[in-house]
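Protein sequences appear in the order of chains W and V.
Per our numbering: the first sequence = residues 1 to 836.
Per our numbering: the second sequence = residues 1 to 651.
Don't read these hints as lab results, they were simulated from the structure.
It should be emphasised that the depicted structure is a prediction, and the values quoted were computed from it without experimental measurement.
Hints should not be assumed to be uniformly reliable.
Covered stretches of chain W (in silico footprint by chain V; criterion: 3 or more residues with CB under 8 Å from a CB of chain V, positions within the stretch not fixed) [as the list claims (entries may be wrong)]:
hint: 1; segment: 625-636
hint: 2; segment: 679-690
hint: 3; segment: 778-791
hint: 4; segment: 794-806
Positions of the beta carbon are idealized from the N, C-alpha and C atoms, including for glycine.
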Amino acid sequence: MGKNSKKKNKVILPPQLPPEVDDDEVVVSDEDVEFFRGNEGHARALARLDRKSIDSYVTRVAHHDDDEVERLYEERERRRKAAEALRPKSNKDEDLEVDPVDALPVKTLQGELVYNNAKKPRFDEISNGPESKSKDKGADAKQATQRGEQKARSKETKGDGRLPNVQPQIEAPNGKLQSKVLEEVEEELSAEELFEKKKAQLAEIGMSMLEDPESNIRSLNDMLNICNDKDQKVVKLGLTSLLAVFRDIIPSYRIRQLTEKELTVEVSKDVKKMRYYEYTLLRSYKAYLQKLISLEKQPNFYNVAVRCMCTLLDTAPHFNFRESILASVARNLSSPDDAVRSLFVNEGKHRGEATIEAVRLIADHVKLNDCHLHPDSIGVFLSLRFDEDIGKDDSEEEKGRSKKKKQRQNQEVPKQLPVSDKKKAKQELISKAREEVDAELRAVSFTLDAKERRRIQKETLSALFETYFRILKHTLSTSNSRGNAINVSTDGSHPLLAPCLEGLGKFSHLIDLDFMGELIACLKKLSGHTDHHSQILHDNTLSVSERLQCCIVAYKVWRSNLEALNVDLQDFFVQLFNLILEYRPDRDRGEVLADALKTLLWEGKHQDMIRAAAFIKRLATFALSFGSAEALSALITLKHLLQKNSKCRNMLENDSGGGSMSCLVAKYDPEAKDPYLSGALASVLWELSLLQKHYDSSVSSMASNILSMANLNPTQNPVPISIANPLEAYRDLSMERELSKPANKVPPLNCKKKRRSKDFVALSPTVLQGSDFLADGDELKEKLQNHFAVLRGISENERLRAELNHTLSSINLYKEYKKQKKRVKSKAGKKKVARA
Amino acid sequence: MAKKLGKKARKFARKNLQSVAKRNRKQRSQFVRRPRRGGSGRGDERAGDGDEEMPQRAGDNLMNNGGDVASLVNGLEFPEDESELNSDISDSDDYLSEDSECLYYSDNEGDNAVNDCFVQDGLDGENDQMNIEIKKQKKNLNKLMDKDPEFANYLEKWRSESYRSKEDSDDDDMDSVDNGADSSDTNPPNDKILTRKTINEWCQLVAKEPKSPSLRSLLNAYRDACRFGVHSKSPSVQRIQSTEVFYQIITFVLSEADNIFRALLDISDDVNKGKIMNLRSAKKWKTIEPLVKSYLQNSLDLLSQLTDNQILAFVLTRLRASAVLFSAYPSTSRRLLKILIRLWASGDHNLSLSSFLMIREVASLLPECLDLCLNKSFNTYLASSKLVNDGNIKHIDFLTDCLVELYSLDVQKSCESATNSIGQLNAILRQASKTKEKEELRKVDSWQYINSVNLWVRFLCCNYKDYNMHPLLSSVVQILRGVAHLFPGTRYLPLRLRLVQMLNELSSCSQMFFPIPSLLFDCLEFRDTSQKEHGQKTKVNFSSLLKVPKNLLKSRDFHEECILSAIDALSAHFAQWCYHVSFPEVATIPLILLKRLYEQSTIESLRRPIKRLIDQVDENRNIVERKRDGVSFSPNDTTSIESFIHDLQID
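Could you build all of it, start to finish, from the sequences and the hints given here?
So, in structure tokens, the structure goes:
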């Protein structure tokens with residue numbers, strides 16, 4: 001009984017109750033218990049599934065403020081009393097209301113009628129609820145019940161078109177409460193039928209919801225109940241259909257809790273209805289989310305739950321309970337959905353609040369997992385956008401509008417009255433006044449907003465860089481400790497490093513100057529720089545691409561801060577100089593190399609001559625050993641360097657005695673580790689002459705183009721043949737791109753020569769020598785005779801077999817003959833008899 | 001009785017004899033195929049359309065390479081033109097009418113001909129047993145007949161009845177199969193037994209005077225010899241009783257026929273088809289034509305019957321001399337080609353070679369056969385290169401060379417089919433790289449694909465110098481690079497090394513620069529394999545592998561083979577550019593890697609070749625550098641560079 005009274009409490013609960021955690025959960029777990037008691041066999045099977053959800057509910061409740069809960073219960077109790085005070089007047093429903101427990105067995109036996117009754121009182125109570133609040137109980141109470149009846153009647157009489165909308169309302173509780181009956185019938189109904197039935201039911205409810213959400217809002221509960229089904233398929237279906245419904249009906253504003261004061265104000269019917277609608281929506285939305293969050297932990301439902309949450313976050317980032325969705329989505333960033341990314345991109349939807357929340361959550365997540373996560377979890381940061389000058393027109397407009405909307409909602413209550421008056425002059429006045437107020441408000445909200453936004457952005461940035469620095473530090477510590485070969489058991493991969501570096505490169509202009517020095521030092525270490533040049537970077541476990549990325553980032557950071565930073569980037573150039581030789585086409589990402597060439601050399605400022613010469617020589621050598629895409633990007637960089645450093649053009653020419661310029665190092669050392677010690681200025685770019693013979697026409701023409709620079713004055717530049725930068729050139733020539741290009745038609749060949757067709761071209765004469773084969777006579781004779789003998793043997797065999805068969809069949813015939821003879825005899829005998 | 005026996009034997013032959021069965025199958029398949037060609041079903045779109053549609057369809061393939069690609073692996077094959085002109089197919093045995101002057105001699109030892117069968121095979125024992133059995137059963141029958149004389153009458157009646165009915169039904173199905181072989185004989189062949197003496201006499205007569213009537217008799221004898229065993233129902237076949245005679249006839253006709261016909265027709269050694277066609281209107285052609293035809297057709301019969309490779313090779317070599325005569329009989333030459341291509345693809349090298357030479361002879365003499373011949377042999381090549389193992393690498397290599405030879409006969413025409421085929425290969429590759437599906441990737445990673453790429457690479461190599469084939473070259477290079485890109489990783493190193501080999505070949509024929517090292521870096525990476533030192537040494541042979549089985553991936557043998565093959569490929573690359581002025585730079589990066597590998601490697605058998613390569617490259621680099629220091633021209637002076645290379649080569 002206690003249980004059931006609780007249930008009743010739920011029913012009576014008025015909408016004004018703050019939609020916290022409590023009652024719904026209690027009910028759900030209650031139902032579960034009831035269900036378990038009813039069918040123990042299934043309960044056991046379900047035990048694992050449901051206990052979890054129950055646990056989660058319990059913990060949720062535990063989190064709550066005790067006072068709050070208490071207050072809630074008190075309030076409920078008070079309201080229940082108020083309702084009871086009303087009850088005697090609604091005679092019709094009395095017996096039902098007094099003891100609904102007694103009604104229960106009746107329900108199971110003769111379903112519909114009783115449910116109709118159960119439905120109606122509930123409806124009444126709900127419509128009564130607000131009124132009980134409004135303190136004039138006596139006067140309106142009867143009217144209210146009558147109104148309730150009227151409504152119900154009108155609904156029923158509205159005819160067939162309306163009927164399906166009503167039907168599911170009635171049937172849905174059937175599905176829930178009738179579970180006992182269903183269990184009994186289960187043996188007769190196959191599981192498949194049940195599934196089909198539930199599917200149909202879901203579809204029906206869903207359709208009705210979409211048709212008219214306002215009047216069918218209660219069906220959400222029924223759908224939620226279906227999600228508790230023990231059939232996983234049904235649950236999944238239920239979750240997805242609920243998702244579809246919510247996506248459709250979630251309003252474009254956040255539903256606000258009503259204050260006590262507002263609750264006390266008397267409102268019109270429409271508003272009441274609206275409040276009820278919002279309340280129910282919010283409550284079921286919450287229940288749905290809780291369901292999702294609990295299901296996410298189960299591997300079977302993981303995909304569905306995550307997808308649902310991502311979609312919800314995507315469509316309704318402004319709506320209530322965003323925090324809880326975000327929290328669980330942030331945990332599952334590696335899933336294929338792009339919810340967080342779209343969150344970052346479409347900040348207008350939620351005014352940037354969600355962004356900071358998401359970034360913080362991800363930061364915590366990274367911290368918790370010690371940087372061992374899927375790269376995607378950091379990759380989403382790349383879609384963050386930071387306005388450098390907040391407070392410009394566009395954003396204002398948007399903010400203002402949303403504010404206005406909110407404001408208008410608040411004003412809805414007072415608005416009702418003047419409209420009902422319908423006096424034009426008054427209306428105009430009011431609208432005028434409202435406009436003024438709006439303008440004022442906008443002005444105020446705008447300034448506030450810019451500040452607010454700046455604050456949000458600042459916090460986002462700090463959380464972002466905190467994450468990035470954490471990853472860098474972590475990488476540094478692990479790779480260093482590995483260098484010392486001590487404790488580390490990790491496999492040495494740094495999954496987050498690549499996206500982290502990418503992000504640092506992207507947001508380099510936003511980094512605080514204070515961190516800069518430390519960051520650069522960190523990057524320098526990561527890029528594999530050691531103070532002792534002799535020591536090769538064996539102990540550095542970062543891959544070539546990652547080290548290249550470090551160089552890129554360092555350079556970008558330096559550049560985007562207007563080079564104000566007094567940092568020597570020489571070391572990074574040395575690193576790049578060496579990394580060029582370490583590059584392996586299949587192992588490392590060519591794009592990163594091309595990007596490094598582009599960032600450090602192509603876009604870079606003026607290089608000093610010796611360094612430029614060293615790079616020029618190295619790039620030329622590099623182009624000889626690598627594929628056309630790499631070669632072309634190297635050549636483009638080379639050409640750019642030659643253009644910038646006209647003195648290096650001497651390398652294109654071979655003056656006397658090999659070297660073209662005297663410098664510190666007289667002899668060129670191709671394996672030099674330091675560009676300043678390579679002596680490249682003394683070398684000649686012979687590579688280009690061979691590159692002119694390159695099979696790829698773009699490479700060979702580029703090589704000739706560069707060579708043509710030798711004949712021009714230092715100020716002149718050759719006709720540019722392509723304006724692409726190294727990275728673009730690389731992408732354009734890379735194999736993937738090439739294979740996705742449409743196949744070029746091979747033009748018909750025009751062959752000039754006509755060769756005498758008698759000569760052999762492919763076969764070597766030694767092979768052909770054996771061709772004039774003449775077997776020596778005896779062997780041939782023997783073989784031919786063998787052949788003949790075999791053939792004769794076969795034909796002889798055939799002949800004999802035929803003869804044998806023939807003879808045998810003749811013998812067999814004798815039996816036949818005998819039979820026939822007998823028959824003739826007997827016939828003759830019969831004839832004789834007959835004649836006789 | 002005798003006739004009836006003949007019928008029965010014929011039926012038996014049709015049922016049991018293998019060669020006949022083969023014939024039947026062939027004919028049946030033709031029967032099946034014919035109506036299908038007429039229908040417009042999509043299924044046979046590729047299989048049997050006319051030739052004129054081919055280029056267009058290939059064009060379509062290139063255009064919408066999205067959907068069609070799925071069926072492209074089959075589409076790699078060229079459509080064959082199966083339709084045969086049946087105009088002169090009168091395949092029947094036109095028995096040459098013999099002159100009565102031609103005398104038959106009785107042989108002294110002809111009577112004991114059976115005894116000279118010195119070959120003991122399984123059938124002889126069986127035959128003996130059957131003889132005994134027959135005798136037994138006959139005795140039984142006779143006993144029955146003695147007992148009941150009335151039965152003898154009954155039996156006689158039944159036999160004549162069954163004979164009649166059987167003849168009816170036999171004639172029905174016989175006609176369709178055998179073209180009414182013996183009913184169409186206008187002049188019944190004589191069934192005098194050929195003795196050794198007779199043949200000897202004839203041979204002498206013919207050798208003396210080609211025009212002598214004995215030639216006809218001799219050719220008839222040849223016909224019987226060629227058909228011996230197949231058409232055993234005709235009594236004429238029984239004429240040959242001794243192996244000696246058989247041998248004599250065949251060798252004499254094969255070795256002399258060509259000379260005789262040339263003498264008769266008065267043609268020299270190097271006639272072409274046109275002359276033969278002219279001859280056709282001449283008067284003497286009319287008299288000699290039947291002889292030629294009989295000779296050629298019967299030789300084909302012989303070819304399709306023989307099973308011994310050596311004899312086949314002998315017959316082919318003989319027949320090659322008179323290849324030009326086939327030009328008068330298009331359908332016969334088609335049949336010849338079919339047989340030849342089958343023999344060419346067979347495993348025996350000598351036979352393969354002699355049939356290839358014959359194919360080439362026929363293809364070059366009869367231009368209208370070239371298309372058929374190329375398509376057929378290309379398809380046969382594809383079919384036989386499906387599986388590659390250690391055993392047949394050489395053979396497939398040989399087949400590739402042969403095909404290149406055939407394609408080089410008429411480069412202009414071959415370029416079209418090369419373009420089509422390369423386009424298809426390219427489309428398959430694109431599809432695979434687009435979808436990355438296993439099924440599609442497997443199409444590229446197959447021997448058929450690699451072998452056909454290899455074929456075109458060789459074709460290009462052979463003809464690049466004489467023809468302007470740059471567009472073809474670049475699309476082949478694209479395929480090679482694409483395949484290498486599509487299959488990275490150590491498992492596919494054998495495939496990659498193959499591609500590198502092809503690139504090296506192309507590079508040396510076109511004198512273009514290919515950055516070979518970039519594809520070999522994977523092989524030169526040091527891998528620690530020492531911990532997996534197991535006893536049995538598995539020989540890893542890269543030439544018969546495309547991808548390494550997983551169990552070998554970590555083995556030392558694989559590692560060794562990897563590095564050795566890479567050294568091979570690298571040294572081929574270096575060898576090509578060793579005289580070039582920029583050789584030191586070409587070698588720079590590979591040398592760095594090789595040195596590193598040398599330092600890290602612990603396997604002695606590897607260190608030695610690596611060291612050797614390093615030393616040689618170093619030495620050569622020093623030579624070039626020294627020489628280079630002495631010159632005064634600049635890198636953009638192409639002519640001086642050429643002369644520099646030339647000078648170095650002379651040194």
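Now the hints, each set against the structure:
By the rule of at least three residues with a Cβ nearer than 8 Å to a Cβ of chain V, the coverage given for the segment 625-636 of chain W holds, with 6 such residues. Check result for the segment 679-690 of chain W against chain V: holds, 7 residues qualifying (beta carbon to beta carbon below 8 Å, three or more required). Evaluation of the coverage hint for the segment 778-791 of chain W: fulfilled, as 12 residues show C-beta separations to chain V shorter than 8 Å, against a requirement of three. Requiring three or more residues with a Cβ within less than 8 Å of a Cβ of chain V, the coverage given for the segment 794-806 of chain W holds, as 13 such residues are present.
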